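Chains Z and W, in that order, give the protein sequences.
As numbered in numbering that gives the first Met the number 0, residues 0 to 472 make up the first sequence, in order.
As numbered in numbering that gives the first Met the number 0, residues 0 to 453 make up the second sequence, in order.
No lab work stands behind these hints, which were simulated from the structure alone.
Note that the coordinates shown come from a computational prediction; the quantities given were computed from them, not determined experimentally.
Watch out, some of these pointers could steer you wrong.
[To be verified] Distance windows between CB atoms, simulated:
#, chain 1, residue 1, chain 2, residue 2, range
1, W, 272, Z, 206, 47 to 55 Å
2, W, 337, Z, 388, 32 to 40 Å
3, W, 370, Z, 390, 15 to 23 Å
4, Z, 390, W, 272, 53 to 61 Å
5, W, 330, Z, 220, 29 to 37 Å
[Unchecked claim] Derived, one-sided and incomplete: chain Z residues facing chain W with beta-carbon distance under 7 Å:
#, residue
6, 134
7, 189
8, 191
9, 196
10, 387
11, 390
12, 394
13, 398
14, 401
15, 402
16, 404
The beta-carbon is built from N, C-alpha and C at its ideal position, and this holds for glycine as well.
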Amino acid sequence: MRRALFAAVLVFTGGCASIQKEKGHAEVAALVEERIGRKTRWNQGTPEDAEVSRHLDTLLAGELTSDRAVEVALLNNPALQATYEDLGVSQADMVQAGLLSNPTFDGSIGFPLTNDGVSETEFSLVQGFVELFTLPLRKRVAQEQFIADTLRVAHEALATAADARKVFREVQARQQLVELRRMVLEASEAAAELATLQHAAGNITDLDLATEKAAAEEARLELAREELTLVEDRERLNRLLGLWGGRTAWAIAEKLPAPPEEEATLERLESLAIRQRLDIDAARKQTELMWNALELARSTRFFGRVDVGVHTHRDANGPRLLGPTLSLELPIFDQRQALIAKLEAQHRQSERRQTELSVNARSEVRAARARLLTLRGVAERYQCVVLPLREQVVEQSQLQYNAMQIGLYALLDAKQSQVETYRAYIETVRDYWLAHAELEQLVGGRLPGGSHATPASPAPTQPPSGHDHGATP
Amino acid sequence: MSRRSMLATAGASLAGGALLLQGGAAHAQTSAPRASPPPRRDWQSPGMPNRDYRPVIVPNGTKLPWKLVNGVKVFHMVAEEVEHELAPGLKVHCWGYNGQVHGPTIEVVEGDRVRFYVTNRLPAPTTVHWHGLLLPNGMDGVGGLNQKSIAPGETFRYEFTIRQSGTGMYHSHHDEMTQMALGMVGLFIMHPRRPVGPRVDKDFALMLHEWRVDPGTRRPDPNEMTDFNLLTFNAKAFPGTEPLVVRQGERVRIRLGNLSAMDHHPIHLHGYHFRITETDAGRIPESAQWPETTVLVPVGSTRSIEFVADVPGDWAMHCHMTHHLMNQMGHDLPNLIGVNPGGLDAKVRKLLPGYMTMGQTGMGDMVEMGMPVPTNSIPMSGARGKHDVITMGGMFTVLKVRERLTGDADPGWYENPPGTLAMAASPAELSQDGIDVDAPPKAEPASPGGLAHG
Numbered sequence: 000m001r002r003a004l005f006a007a008v009l010v011f012t013g014g015c016a017s018i019q020k021e022k023g024h025a026e027v028a029a030l031v032e033e034r035i036g037r038k039t040r041w042n043q044g045t046p047e048d049a050e051v052s053r054h055l056d057t058l059l060a061g062e063l064t065s066d067r068a069v070e071v072a073l074l075n076n077p078a079l080q081a082t083y084e085d086l087g088v089s090q091a092d093m094v095q096a097g098l099l100s101n102p103t104f105d106g107s108i109g110f111p112l113t114n115d116g117v118s119e120t121e122f123s124l125v126q127g128f129v130e131l132f133t134l135p136l137r138k139r140v141a142q143e144q145f146i147a148d149t150l151r152v153a154h155e156a157l158a159t160a161a162d163a164r165k166v167f168r169e170v171q172a173r174q175q176l177v178e179l180r181r182m183v184l185e186a187s188e189a190a191a192e193l194a195t196l197q198h199a200a201g202n203i204t205d206l207d208l209a210t211e212k213a214a215a216e217e218a219r220l221e222l223a224r225e226e227l228t229l230v231e232d233r234e235r236l237n238r239l240l241g242l243w244g245g246r247t248a249w250a251i252a253e254k255l256p257a258p259p260e261e262e263a264t265l266e267r268l269e270s271l272a273i274r275q276r277l278d279i280d281a282a283r284k285q286t287e288l289m290w291n292a293l294e295l296a297r298s299t300r301f302f303g304r305v306d307v308g309v310h311t312h313r314d315a316n317g318p319r320l321l322g323p324t325l326s327l328e329l330p331i332f333d334q335r336q337a338l339i340a341k342l343e344a345q346h347r348q349s350e351r352r353q354t355e356l357s358v359n360a361r362s363e364v365r366a367a368r369a370r371l372l373t374l375r376g377v378a379e380r381y382q383c384v385v386l387p388l389r390e391q392v393v394e395q396s397q398l399q400y401n402a403m404q405i406g407l408y409a410l411l412d413a414k415q416s417q418v419e420t421y422r423a424y425i426e427t428v429r430d431y432w433l434a435h436a437e438l439e440q441l442v443g444g445r446l447p448g449g450s451h452a453t454p455a456s457p458a459p460t461q462p463p464s465g466h467d468h469g470a471t472p
Numbered sequence: 000m001s002r003r004s005m006l007a008t009a010g011a012s013l014a015g016g017a018l019l020l021q022g023g024a025a026h027a028q029t030s031a032p033r034a035s036p037p038p039r040r041d042w043q044s045p046g047m048p049n050r051d052y053r054p055v056i057v058p059n060g061t062k063l064p065w066k067l068v069n070g071v072k073v074f075h076m077v078a079e080e081v082e083h084e085l086a087p088g089l090k091v092h093c094w095g096y097n098g099q100v101h102g103p104t105i106e107v108v109e110g111d112r113v114r115f116y117v118t119n120r121l122p123a124p125t126t127v128h129w130h131g132l133l134l135p136n137g138m139d140g141v142g143g144l145n146q147k148s149i150a151p152g153e154t155f156r157y158e159f160t161i162r163q164s165g166t167g168m169y170h171s172h173h174d175e176m177t178q179m180a181l182g183m184v185g186l187f188i189m190h191p192r193r194p195v196g197p198r199v200d201k202d203f204a205l206m207l208h209e210w211r212v213d214p215g216t217r218r219p220d221p222n223e224m225t226d227f228n229l230l231t232f233n234a235k236a237f238p239g240t241e242p243l244v245v246r247q248g249e250r251v252r253i254r255l256g257n258l259s260a261m262d263h264h265p266i267h268l269h270g271y272h273f274r275i276t277e278t279d280a281g282r283i284p285e286s287a288q289w290p291e292t293t294v295l296v297p298v299g300s301t302r303s304i305e306f307v308a309d310v311p312g313d314w315a316m317h318c319h320m321t322h323h324l325m326n327q328m329g330h331d332l333p334n335l336i337g338v339n340p341g342g343l344d345a346k347v348r349k350l351l352p353g354y355m356t357m358g359q360t361g362m363g364d365m366v367e368m369g370m371p372v373p374t375n376s377i378p379m380s381g382a383r384g385k386h387d388v389i390t391m392g393g394m395f396t397v398l399k400v401r402e403r404l405t406g407d408a409d410p411g412w413y414e415n416p417p418g419t420l421a422m423a424a425s426p427a428e429l430s431q432d433g434i435d436v437d438a439p440p441k442a443e444p445a446s447p448g449g450l451a452h453g
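One chain only, chain W, in its complex shape (with noise of 0.2 Å):
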C-alpha cells in the first residue's frame, strides 16, 4: 500500500469519525467561551480525497493529516529541530514541521475553512506564512506586522478559508534567512472544487531548496548567501531523491515550488515537451500555454507543468544549472585540467602519504574513487546508474515512464529496447558509412564569408 493510499484512508475516517460526533460537539461548542465571534460562515462543506481530489504525490516527503471539527479541516503543526538525511551518509539538524523536513505537505480543497494551530518547539520565536494564498491579513504570518511572533512553547491558531485553488507553499516569516536556510518550508497544495482543464493521472509535488552544509559538519549554515552546495527536491540531493513513476500514456502534472535562499531553477526534463500550466497566482489560459522543455522556477514561485507520458524510460529531471547538479564541491580548487602531474605525485607522497592529484580530466573520476573523505559527507556527484556512473548529484532526479506497472514503487532501469541504445560504433558500421575516425574532423563554413575549417 502507498503511502498516498494510506493517508487518503486515514483522512476519510477522521472525517467519518467527526461527523459522526459533531450533533454534541456542536451543542458544547457553543456554551464554550470563544476568543473570537465565530467567523462568519462562509466555507463549504469540506473537500475530500479522492472524492473531490486526486491527492498529490510528494516523493521523499510526507503530508500533514487533519481531522474535521465542525466542518472546519483542523491541522496541527508543530515547528521543532528536526534530524534530516539530505542524501545517503548525509543527516543535518535542520528546523522543520512534525519530524519533517521539509514540512509535511498541506493539501486542502478550494472552499475549504482551514484551522492551523501552530505549536512552536523552536528555541526562537517563529510564525508561518501562508504564501501565495489569499486570506485575511492578520492571518498572513508576518511576524511583527500582521501578528506577534509565536514565543518558544506558544501554540498559536490561524483560521481562513480556501479561496483559490493551484500550488501554494508555506513557511517561516520570522528570522526567515535563518530558518528558511534551515528547512522550516512546505508546499500547500489547493484543489479545485471542480476540475479544471485536463484530468491528470499523476500529480506530483516538489519543492525545490538549497543548503550550505559543509563536509564534516551536521547542520546547515544560515549565514550562507552565495555559495551553496546542496541543491534538493523535497529535502533530498540525488542520489537520495525517489524517482517519478508513471505508466506510459499517463497525463502527468508537476508541480514545483521554490525556496531557494538565492537562486532560481531553471528545472530541465528530458524526453517530453510540456507546457506550463499554472503559475502561483493560478491556471494560465490554455492560449497563453508554449511548448517547453525547461521551466524556469524563480525563487518565491510555483509552476506546474503538464504533459502526456507517452514515451517510456529513464528521464532525467534536473535543474540546468551545472553547479546545482553537485553535491558538496568546494569551489576554491585550483583549475587542474590539462595538468600533467608528472613527478609531483611521488613528491607530496613524501610529505602527505596517500596523496594524489585529482581534477587533471575533471570531477568525473571522483565519483569512483572511493577515498576516505570527512564524516558526514558525501560524493559530490554520482550513483551507479544502469550503464555507467550517473555523474551528477543535487537536484536531480528521474521520471520513469513504463509500459506496465505493478505499483507506485522505482521499477528498476529501463531495459532498452534493442536498436534503440547508443553503443560503441563497430569497425563494420564505420566502414560501411565511410567514416574514417582516424582522418582529420570536418566542419564546414555555416555563414557564407565563413572560413573552411579542416
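Same shape as in the complex, but just chain Z (with noise of 0.2 Å):
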C-alpha cells in the first residue's frame, strides 16, 4: 500500500520537473525572425557561443550595413540577453507549477515518565489532494504567463532591433552631415585665404581680413562640433550592439538611401500591427491567463485543503496500527470570494489594457505613417526641386562669375547655401528613416514593400575622397 501510493506520486510528477535551457527563447527566435527576417540567440554559455562570436567578427568586418546592425543587436545587446534571463525565471515558475505539493511526514514518539510505560511512536504521511485535480489548470495558468511572457522578451526584441536601426540611421546621416560640414569650412578657408591673397598684395583692410578669417575658425568650431556629435552617436550604437574593444570599428560606407517607390496603405498597416504586434498579443494572452487563473479559483472555492495520508501508530502494549488519515478544510468562512473579487477585477483590467493597446497602436500607426508620408513628401521636394535649383544658383554663379560679375566671395557663398541646402535634405532623409524604423516597431515588423532602395541623390560635387569617417573611434 505504502509503496503504490509512492510509486503513484514519482509517475505523477515525473513528466513537469525538468527545466529546458533553450526553452522560450527557441519561440522568441521564431517570432523575431518571421517578424524582421534575422535570427536572434541566447548566450548562456555554451560552445556554441563561440561560433556567435566569430559570427560577430565577421559581420563587424565587412561594411556595417542596417540589417546587420539589427542582426548584432540582437545578438549581442546586453540588455537583451538579460531580458532573455526573464524566460528562464518564467519558465521556472512553469516548472513549480507542474509540480505537486511535497508530501508530509509527521513522527512522534512518546517517552513513559513512570516505570510503568513503554515509549510509544506514531508516523504519518500526509499529501495534499485537491492538488492532483486542480494541477492541470494550475499548469495551464503557468503556461499562458510563460506564453505572455515570451511574447514580452520577443517584443524587447523588436523594440531593440529597431532602437539599432534608428541609430544606425543616425550614425549613416551623422557621417554625410559632417563630410558637407568639411565642404562648408573648404569654403569659408577658400574664401579666408583669398582675403589673406588680397591683403598681402594691399588690396582688403584688416578688418575685411579678420572678418573672413573669423567666419573660416567658426565654420571650423562647427565641424568640431558635428564630429564629436558623430562620435556620440557611434557610441550610442555601440552601446546597443554590445560592443566594446576592437569591436568598434565598424565602418559605415553605404549613404543614406532615398525614401522607397511605395508606401503602404494605412489600412494594411493597421491590420497588421493588431495582427501582429506581440505586445498585443502578449496583452492577450494575459487577459486569457487572468481568465483561466479566475476559472481556477471559482472551481476550486468549495474545496478546502483535502489532505490524505497514512499513518502507523504503535500505542504502549498495545497493536501496532496504520491507517488512511484525512483532514478537511471546511470552506466555512474563507470561499475565495475575496480571491475572486481580486481575479474578476484584473480580468477586466487586463480586457482594459488590451483595448487601450490596441486602440493605441492603430492611432501610433496612424500618426507615425503621416511623419512618415510628410518627411518624404519633403524629401523629395528637396530632391526634385530645391536642390536643383540651388544647383542652378551655383551654376548660374559661376556663369556671373566668368561674365565677372560677381566674385569668388559670392561664388563661395552661393556653394555654402547649397551644402546648407543638402545638408538639410540629408536630415529629412534620415528622421525619415527614423519614422521609418518607428513604424516598423509600431506594426510588428517589416512593412510591406519597403524595399531598400537607391541612395539618396549624390552630394553636390563628388565630396573629395581619403576622408575616412567611418574610421572615426
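Hints in hand, dock the two standalone chains.
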C-alpha cells in the first residue's frame, strides 16, 4: 500500500520536473525571425557561443549595414540578453506550477515518565489531495504566463532591433552631415585664403581680413562639434550592439538611401499592427490567463485543503496500528470570494488594457505614417525641386563669375548655401528613416513593400576622397 | 547703294507725288471740318534733301520717313516695344519708335512746317518732347503740363514750324525715367536753309546713352540710377558700333547728343584737333571756337565738332570715362590685382569644378578667355583688332580715314605704311641708341628742389 502510493506520486510529478534551457527562447527567435527576418540568440555560455562570437566578428569586419547592425544587436545587446533571462525565471515558475506540493511526514515518539510505561511511536505521511485535480489547470495558467512572457521578451527584442536601426540611420546620416560640414569649412577656408592673399597684396583692410578669418574659424568649430556628435552617435550604436574594444572599429560606407518607391496603405498597416504586434498578443494572453486563473479559483472555491495520508501508530503495549488519514478544510468562512473578486477585477483590467493597447496602436500607426509621408514629401521636394534649384544657383553664379559680375566670395556663398540645403535634405531623409523604423516597430515587423532603394541623390559635386569618417573611434 | 541715298530718293519721290496731287487735295481740305483753324502760313516751302541740305549719316541708325501734304512735312511716329540688339549676342526688349531703338533720326530744314502723328502702342501713356526746339508751348510735349498724355491706343498730332538750325533731340516726357531708360529717345537734325560755315562732306549724327542690363536679363532696368553697365553710340555698344568712314581730306562734322540718364560724356577723338562748332542753341561764332581733342557732352545737351580728316588711319573715338569703355561688368568684384592665387585654385576647384582665379593682372585677359557666361550677355570688353585684342567696349567707335574709298562701307583695317607702326625694338636698335633694358630706370627731378631718383 505504502509502496503503491509513492509510486503514484512519482509518476505524477515526473513529467514536469525538468528545466529546458533553450525553451522559450526558441519561440522568441522564431517570432523575431518571422517578423524581421533576423535570428536572435541567447548566450548561455555554451560552446556554440564561441561560434556566435566568430559570426559577430564577420558581421563587423565587413561594411556595416542597417540589417547587419540589427543582427548584431539581436545577438549581442547586453540588455536584451538580460531580458532573455526572464524566460528562465518564467520557465522556472511554470515548472514550479507543475510540481505537486511535497508530502508531509510526521513522526512522534512518546516516552513514559513513570516506570510502568513504554515509549510510544506514531508516524504519518500526508499528501495534499486537491492538487491532483487542480494541477492541469494550474499548469495551464503557468504555461500561459510563460507564453505571455515569451511574447514580451520577443517584443523587447524587436524594440532593440528598431533602436539599432534608428541609431544606425543616425550614424549614417551624421557621417554625411560631417562630410558636408567639412565642405562648408573648405569654402570658408578658401574665402579666408583669398582674403589673406588680397591683404598681402594690399587690396583689402585688416577688418575685411579679420572678418573672413573669423568666419573660417567658426566653420572649423562647427565641424568639430559635428564630429563630436558623430562620435556620440557611434557610441550610442556601440552600446546598442554591445560592443567594446576592437569591435568598435566598424565602418558604415553606404550612403543614406532615398525613401522607397511606395508606401503601404493605412488600412493594411493598422490591421498588420493588430495582427502581429507582440505586445498586443501578450496582452491578449494575459487576459486569457486571468480568465483561467479566475476559473481555477472559482472551481476550487468550495474545496478547502484535502489532505490524505497514512499513519501508523504504536501504542504502549497495544497493537501496532496503520490506517489512512483524511483532513478536510471546511470552507465556511473563506470561500475564496475575495480572491475571486480580485481576479475578476484583474481580468477586466487586463481586458481594458488590451483595448487601450489596440486603440493606441492604431493611432500611433496613423501618426507615424503621417509623419513618414510628410517627411517623404519634404525629401522629394528637396530632391526634385530645391536641390536642383540650388545646383542652378551655383551654376549661374559660376557663369556670372566668368562674366566678372561677381567675385569668388559670392561664388563661395552660393556653394555654401547649396551645401546647407543638402544638409537639410540629408536630415530630412534621416528623419524619414527614423520614422520608418518607428513605424516598423509600431506594426511589429517589416513594412510591406519596404524595399530599401537606391542611395539618396549624390552630394553636391563629388566630395573629396580620402576622408575616412567611418574609422573614427 | 547706301541707306542714306536710298532714303533721299524715297523722300524725293514722295514729295513729287504729293506735289502732283496738291490741286485736288487742296480743294477737298477746304470743305473738310478741322479741329482747329489752320495756322497762319508762316513756313517756307519744304526743304528737300540734296537740294537744300546734305543728309546726315547715322551709324547703326535709321531715319524717320515723311511725305509732303500741302507743303507740310508729315511724319508718323509709333511708340512701341522693340526688340533691339545692343551688341552682338545681347538682345533686349526696349521701348522705341517705329521698330527702332533709338527712334529714327528726324531730319528737317529751317523754315519747314512739320506735322507729327504720334501713335501710342505702348502699355503706358506717353508724350514726345522736342528737345531744344523753339515751338508753341502746347507742342512742347511735357505730359500734364503742356498736354494730356497720349493714352495707349491713341494718336496725337504735333505741328509746328522749324525756326532754327542745329542738332535737337526728341524723347518721351511722360514717366521719362522709365521711358528714356528703355530707349525712347532720338535725334532731331535741323539743317539751315542757307549753308552756315564751311561746307562739310560728311555729317555724322550720334546719340549717347546709358543702360543697365544685367547679364542674363532681357530688359534694361529703369530703376538703376548710378551703376550703368552699357554705354552706347546710337544704341550700340562696341564691338557693335559701325565705324565712321571718311575719305582723306574731307571736312567732317560729328553731332553728339546725350540723353543718358545720369552721365556726361567727355568724347575724345584721336588723331585730330577739332573745334566745337555748335551747341543746342546753335552755331558758335568762329572767334569763340577752341581747338579741342575732347568734347564734354552734358546730359540733355548736343555738341557738334568739325575738323578736316587729313591724316589717314583708324582713329579711336570714345568716351574718356574708363568705366564707360566697359560693357556688362560687375562692380562688386574683389580687387585681385597683384594677388598670386597659388594653391587657391586647386582648393576651390574641389568645390567648384572649372574654377579659375581671374583679374590678378586686370581685366585685359578676360577678353580672350572664352569661358561660358550667362545667356544674353556680352564680354565686358574687347573685340579683335588688326594687331591684337582691343580691350575696350561700350562707348567706343573708330573713325576710319582713307585716301581712297570705294563706297561708304567699312573699308577694313588700316594698313600702316612702313616705318609708321610701333613695334618691338630690336637689340640692334637698342644698342645703337645706348638703351640698356636691364639698367635701373631713370628719372630726373623736375623741380629745382626735387629729389633725384635712380
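- Item | Interface restraint verdict for residue 401/Z against chain W (beta-carbon cut-off 7 Å) | 4 Å, holds
- Query: Is the hint on residue 402/Z kept, meaning its closest Cβ partner in chain W is under 7 Å away?
  - Reply: 4 Å, holds
- Message: Hint residue 134/Z vs chain W: min CB-CB distance below 7 Å?
- Response: 78 Å, violated
- Task: May I ask you to test the hint 15 to 23 Å on the CB atoms belonging to residue 370/W and residue 390/Z?
- Result: Cβ of residue 370/W to Cβ of residue 390/Z: about 19 Å, so the range 15 to 23 Å holds.
- Message: residue 398/Z was flagged as interface toward chain W. Is the shortest Cβ-Cβ separation under 7 Å?
- Response: With a minimum Cβ separation of about 4 Å from chain W (threshold 7 Å), the hint on residue 398/Z holds.
- Item | Hint check, residue 404/Z versus chain W [nearest Cβ-Cβ separation less than 7 Å] | Check passed: Cβ of residue 404/Z comes within 4 Å of chain W, closer than 7 Å.
- Cut-off 7 Å, beta-carbon criterion: hint that residue 394/Z touches chain W: Not OK, violated: residue 394/Z not within 7 Å of chain W, min 9 Å.
- Message: Tell me if the interface restraint on residue 390/Z is satisfied: Cβ within less than 7 Å of some Cβ in chain W.
- Response: Nearest chain W Cβ about 12 Å off; hint violated.
- Query: Minimum Cβ distance from residue 387/Z to chain W below 7 Å?
  - Reply: 17 Å, violated
- Query: Taking the least C-beta to C-beta distance, is residue 191/Z closer than 7 Å to chain W?
  - Reply: Result: violated, 10 Å to nearest chain W Cβ.
- Item | Satisfaction of the residue 196/Z interface hint, Cβ to chain W closer than 7 Å | 5 Å, holds
- Quick one: are residue 272/W and residue 206/Z within 47 to 55 Å, going by C-beta? 49 Å Cβ-Cβ, so the 47 to 55 Å window holds.
In summary, the numbered hints that this structure violates are 6, 8, 10, 11 and 12.
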